[in-house]
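Colleague: For reference, the chains in residue letters:
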Amino acid sequence: MYRYDEIDKQFLADRTAEFRGQVERRLINEITEEQFKPIRLMNGLYLQLHAYMLRIAIPYGSLRSRQLRMLAEIARTHDKGYGHFTTRTNMQFHWIKLREAPDIIDKLATVDMHSIQTSGNCIRNTTADPHAGATAEELDDPRVWCEAVRQWSSVHPEFSFLPRKFKIAIVASLKDRAAVRIHDIGLYMRRGRNGDLGFEVAVGGGLGRTPYVAPTIRQFIPAARLFSYLEAILRVYNRYGRRDNSFKARIKILVASLGVEEFARQVEAEWEKIGEGSDLPDTELARIRGAFTPLPFETLPASSSAFEEARLADPAFARFVRNNVHPHKQPGYAIVDVSLKAIGETPGDCSAEQMDLIADLAERYSLDDVRVTHEQNLVLPHVRLDDVPTVHAALAAAGLATPNVNLISDIIACPGLDYCALANARAIPIAQHIAERFADQDRAELIGELKIKISGCINACGHHHVGHIGILGVDKKGEEFYQLTLGGSGAEDAEVGKILGPALPENRVTDAIEQLVEVYLRERQDGERFLDTYRRTGMAPFKEAVYADVH
Amino acid sequence: MKALTANRLIDGEVVFWRKGEWIERFADAELFDDPAVAEAAEAHGKNQPTVVVDVYLIDLVDADGIPTPVSYRERLRALGPTNPRQHGKQAEGGKVIAALAQASGAARSTGRVNLIKR
Amino acid sequence: MPTYIKLKDGVAAWAEDAFTTVADEEKLPRGDVIISLERFKTEGDHLLVEGRSLGVRLEAGEAVEDLVYDLPRLSVIALVFPKFKDGRNYSSARLLRDRYGFKGEIRAVGEVLREQAGHMVRCGVDAFEPYDGSTPEQWQAAAHRYRHVYQRDSDARVPAFVERAQ
Ligand code: SF4
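Chains as they are written, first to last, in this note's numbering: chain A, 85 to 635; chain B, 7 to 124; chain C, 4 to 169.
In short, the hints are calculated from the structure, not lab data.
Heads up, none of these hints are tricks.
Derived lysine to any residue pairs resembling SDA-like cross-links, with alpha carbons at most 20 Å apart:
#1 121/A - 330/A
#2 88/C - 324/A
#3 357/A - 105/C
Where chain C lies over chain A, by a calculated footprint (3+ residues, C-beta under 8 Å):
#4 85-99
#5 240-250
#6 311-324
#7 355-368
Derived DEER-like restraints, expressed as beta-carbon distance ranges:
#8 26/B - 595/A: 46 to 52 Å
#9 98/B - 386/A: 55 to 61 Å
#10 411/A - 141/C: 56 to 62 Å
#11 104/A - 53/C: 50 to 56 Å
#12 150/C - 383/A: 42 to 48 Å
Using N, Cα and C, we set each Cβ at its ideal position, and we do this for glycine too.
Kindly produce the complete structure, drawing on both the sequences and the hints.
Modeller: Right, here's the structure in full:
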């Protein structure tokens, strides 16, 4: 994994010193709240309902044990003993005190972490495949490119005051575990005709008030030319993106209003003028690449008797393997998903003790590597098959082995009205109720892959538009209501869901989910997921079931 | 009936106005029946930029003898999050906390004031 | 009157502003002036013939491309930052310096805050009318907040990837 060198460390130290000074100036009113607000936001510090919230960047969702332990330490010392992993693969602490924020930021810097550019109209944290470097499906390790993007985008002189926030995602396998097409720029690693590496470039995805799945604007850009091409896209956006209305300021609106072809033409024209001077030299890419490879894998047989025996002997372990364990590129290893969706708990929340435990497990059993997924789970990417039973037992003892990854209780939920100052309605308790209703794991497995995603307002941090079932909290005359959408997907078959019908009161939501599931079980044909059945039958039978009593 | 609320600058804590002071418990908040008095307090509060931020008045209704914020959002601010019921101000418990946690129906259906859109 | 800071050999200092900024509806005073792009298009040639030095004020959203052929005749381009959040003219500055080789003064006007000093200097801006009352010392410190930078840009700073290769 990438480690900060002296240059990275000094860069961060300069930033933390600046922030400390700014907080001090605010506390003695040398700068007003109006002047301070954009400054604190540039450092990821929001004022939420109950306290300040600090959003900490987890670059491309990758953590070392030391870093996770520091997050645990911050949770214990400066928060209420827990933290919340977000759909941006960042961590949010919800009970932060302004006067302690500079200390927290200093602590983070000791483990090469920060909260820079986790807010504001700049280039945010890059999302990557959480199985990067571990899955056999990939052409290259996308983290190499993410790290290069991280550096290139840090305090970018030209692109720090964009019309709106800007998010980039990179994957290198056909399977999309990073919701690439709902990003402002989505990059898919591809091989060109002569076998050279490059990217398919999609631009203009995003959720919120007007959701779009990003269209591809270029089938292939040679990898060596990535940064000049990014510069061209960002320059066109910075110059021509709308600034008169923040709801229309994302690049998706520019792409949609110009049309994909015209937008692409403008980018190409700009790119030709930029030339190669803005590309990153191969030496630097090689340096970054060296930080990610090679990993010290052992040479092991492809199968493990300890693993197989445990699977036969222990049905709970077998179930965990079915749902949470994935094949690894290296024989004798596995990718282990750690579910942060224990039934009845808050999706994405992790206690300090749990963080410490996962850090220990990562250090001992996963080459000191932990990943965060946009679905608010964690991953131990490099576990020897021999060790999976031990890891499972340790996770289970800490409530971290819920075997529900990709199942109905693996729900994304944003903080919603329980924490968020922008919310219309709560999201977390809805997730808790649904998960409790479907707590029976046999039933959950029978239902199979079903992605429920919940947002507390139209900002869509909970990705509801791309849930197989999406749930959006709305406010009707001061009451919490929920609008359901069906048929969304954030994966390689990305699509924005369609509205099922009028919003439902809070106490109807879980029943409605149950009704939708029943229709699916009744209608489904061989091997169909919920999403496939919906796509075949259309909305009608589902709508009929949920609104039957209304007629 | 109204109360005056804000977040404390130094730690973000939700606070309520009581006779010239900012206090943490909604149960102790000063209740204003006279709009002029409420607005005077608000002006006073807004003049304390090193103490509080986001100063505004909230509407209250009577819920079984206990004044309760009309808006659901404001009840959550006075209580804490509902996902773990033990975090935030609600941890302390008591009669008013219980009333706020119970208040749904009547208080909620009286409609929202312009707080959320603030 | 806004105060005026200029970079001399990379160091920010107070400077005497030789130019008068003139709004479109104002009558032209004597001497060197900064006028809008619109006015430059109609009156520019004539003013240059009079022997004046000219500056053009470019609003956010106006295209530097419109000025390309006139650049050698201009002494100042004043880039307007109407709000500190409006970053369009960072791109204008870069294009003026890197693509069109403008050697004159690029001046930032409008809501120009210390927090943006580093970005502006790196994009090739070399004169400032700070909106927040910053002194040259404060401006200098803010512009050089970071010992290292990650990108190659319009200033002479050496990006991290070059430092590392050395
Ligand atoms: S979707 Fe809305 S309620 Fe949820 S976290 Fe985002 S802004 Fe807050």
